[in-house]
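Protein chains: 2
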Amino acid sequence: MNVDFVNPFLDALLNVLATMASTKATFGRPCIKTDNKSMGDITGIIGMAGEKTKGSLAISFSEGAILHITSQMLGEQVLKIDETVVDMVGEITNMVTGGAKKELAKQGYKFEMALPTMVTGKGHIITHKTAGAIIVIPFRINKGEFFVEVCFNK
Amino acid sequence: MNVDFVNPFLDALLNVLATMASTKATFGRPCIKTDNKSMGDITGIIGMAGEKTKGSLAISFSEGAILHITSQMLGEQVLKIDETVVDMVGEITNMVTGGAKKELAKQGYKFEMALPTMVTGKGHIITHKTAGAIIVIPFRINKGEFFVEVCFNK
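From first to last, the protein sequence lines stand for chains D and L.
Residue numbering for the first sequence follows the numbering used here, beginning at 20 and increasing consecutively.
Residue numbering for the second sequence follows the numbering used here, beginning at 20 and increasing consecutively.
It should be emphasised that the hints constitute simulated quantities derived from the structure, not laboratory data.
What you are looking at is a predicted structure, and each value in this text was computed from that prediction instead of being measured.
Check the hints yourself; a few may be wrong.
Copies of the same chain are indistinguishable here, so a pair counts whether it falls within one copy or spans any two.
[Claimed, not checked] No farther apart than 25 Å at their CA atoms in a straight line, the calculated lysine to any residue pairs in the SDA-like style are these:
{"id": "1", "residue 1": "Lys56", "residue 2": "Glu122"}
{"id": "2", "residue 1": "Lys52", "residue 2": "Glu102"}
{"id": "3", "residue 1": "Lys99", "residue 2": "Glu164"}
{"id": "4", "residue 1": "Lys71", "residue 2": "Ile144"}
{"id": "5", "residue 1": "Lys121", "residue 2": "Thr72"}
{"id": "6", "residue 1": "Lys162", "residue 2": "Gly151"}
{"id": "7", "residue 1": "Lys120", "residue 2": "Gly69"}
{"id": "8", "residue 1": "Lys121", "residue 2": "Glu70"}
{"id": "9", "residue 1": "Lys52", "residue 2": "Lys99"}
{"id": "10", "residue 1": "Lys121", "residue 2": "Ser90"}
{"id": "11", "residue 1": "Lys129", "residue 2": "Val22"}
{"id": "12", "residue 1": "Lys99", "residue 2": "Thr53"}
{"id": "13", "residue 1": "Lys99", "residue 2": "Gly163"}
{"id": "14", "residue 1": "Lys71", "residue 2": "Met58"}
{"id": "15", "residue 1": "Lys141", "residue 2": "Ser57"}
{"id": "16", "residue 1": "Lys56", "residue 2": "Met39"}
{"id": "17", "residue 1": "Lys99", "residue 2": "Met132"}
{"id": "18", "residue 1": "Lys56", "residue 2": "Val97"}
{"id": "19", "residue 1": "Lys52", "residue 2": "Asp106"}
{"id": "20", "residue 1": "Lys52", "residue 2": "Thr103"}
Turn these sequences into a full structure, and let the hints guide you.
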């Protein structure tokens, strides 16, 4: 998978966090996922599908990270992963993918977005089914870490 | 959401289990999901996206159910949820959605399939982000239960 596919997701996520949650995240070097070690407490998953381009995106948050981000977005302190947090993860997943979709369309990679699905459960593990590479970008805010995983079929 | 959307997934799943795993499943009445009570130990999730039709499918298996199904598919006893089982859940998710896609296209609902994503983690919970209804179909084999959840944007 071309790294050109990854930067639009990275940029969109930083942009969503900055504008919606006044949160500045630092990120590590995007790398190819070779095992299943990135775990999350809540994950947003969305499919991307076009005639030639098929993919999936997962954003896996630790509890600390998503409680901080949701609290910032809502302007009130959120203390546990509840329905509001789950819905917010869906919103973030949609916004990040929507932002990346526009950029990727300019590069000739066109796809439609499916509906987001959210997973909750302490320390669950995400795996993708693809013949292509799975790229992981680790992010950190001072309240915890989260991971973006992107894969496409080529 | 029209129930016409659901039957192709139900038929495809029964067909996949019968032909690939020599397993006959019984199923309960499809119902609208009003809470998040269906939990699984391993789930396959896939997005569906077309110009007008957007959706997502999740198949959540209990450990007992997926170990039996995978053992039947491979012809050898599988005792724990490992990489092979995770991959098999991705295959099943692909096959069920591929089967349903053909039927739904005949009815004028056209979409492309995204790449499947698999989630492992004891008792995780799946939620969908949609303005439409989420339909749940409960299935049972003698080794355990599993759930299919389908939603579309209309």
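Hints, verified against the model:
{"no.": "1", "hint": "Lys56 <-> Glu122", "result": "neither (29 Å within a copy, 38 Å between copies)"}
{"no.": "2", "hint": "Lys52 <-> Glu102", "result": "between (30 Å within a copy, 14 Å between copies)"}
{"no.": "3", "hint": "Lys99 <-> Glu164", "result": "within (16 Å within a copy, 29 Å between copies)"}
{"no.": "4", "hint": "Lys71 <-> Ile144", "result": "neither (28 Å within a copy, 32 Å between copies)"}
{"no.": "5", "hint": "Lys121 <-> Thr72", "result": "both (14 Å within a copy, 19 Å between copies)"}
{"no.": "6", "hint": "Lys162 <-> Gly151", "result": "neither (33 Å within a copy, 34 Å between copies)"}
{"no.": "7", "hint": "Lys120 <-> Gly69", "result": "both (11 Å within a copy, 14 Å between copies)"}
{"no.": "8", "hint": "Lys121 <-> Glu70", "result": "both (17 Å within a copy, 15 Å between copies)"}
{"no.": "9", "hint": "Lys52 <-> Lys99", "result": "between (29 Å within a copy, 23 Å between copies)"}
{"no.": "10", "hint": "Lys121 <-> Ser90", "result": "neither (28 Å within a copy, 44 Å between copies)"}
{"no.": "11", "hint": "Lys129 <-> Val22", "result": "within (16 Å within a copy, 30 Å between copies)"}
{"no.": "12", "hint": "Lys99 <-> Thr53", "result": "between (31 Å within a copy, 21 Å between copies)"}
{"no.": "13", "hint": "Lys99 <-> Gly163", "result": "within (14 Å within a copy, 31 Å between copies)"}
{"no.": "14", "hint": "Lys71 <-> Met58", "result": "neither (30 Å within a copy, 34 Å between copies)"}
{"no.": "15", "hint": "Lys141 <-> Ser57", "result": "both (12 Å within a copy, 16 Å between copies)"}
{"no.": "16", "hint": "Lys56 <-> Met39", "result": "neither (29 Å within a copy, 30 Å between copies)"}
{"no.": "17", "hint": "Lys99 <-> Met132", "result": "neither (29 Å within a copy, 34 Å between copies)"}
{"no.": "18", "hint": "Lys56 <-> Val97", "result": "between (27 Å within a copy, 22 Å between copies)"}
{"no.": "19", "hint": "Lys52 <-> Asp106", "result": "between (27 Å within a copy, 16 Å between copies)"}
{"no.": "20", "hint": "Lys52 <-> Thr103", "result": "between (30 Å within a copy, 17 Å between copies)"}
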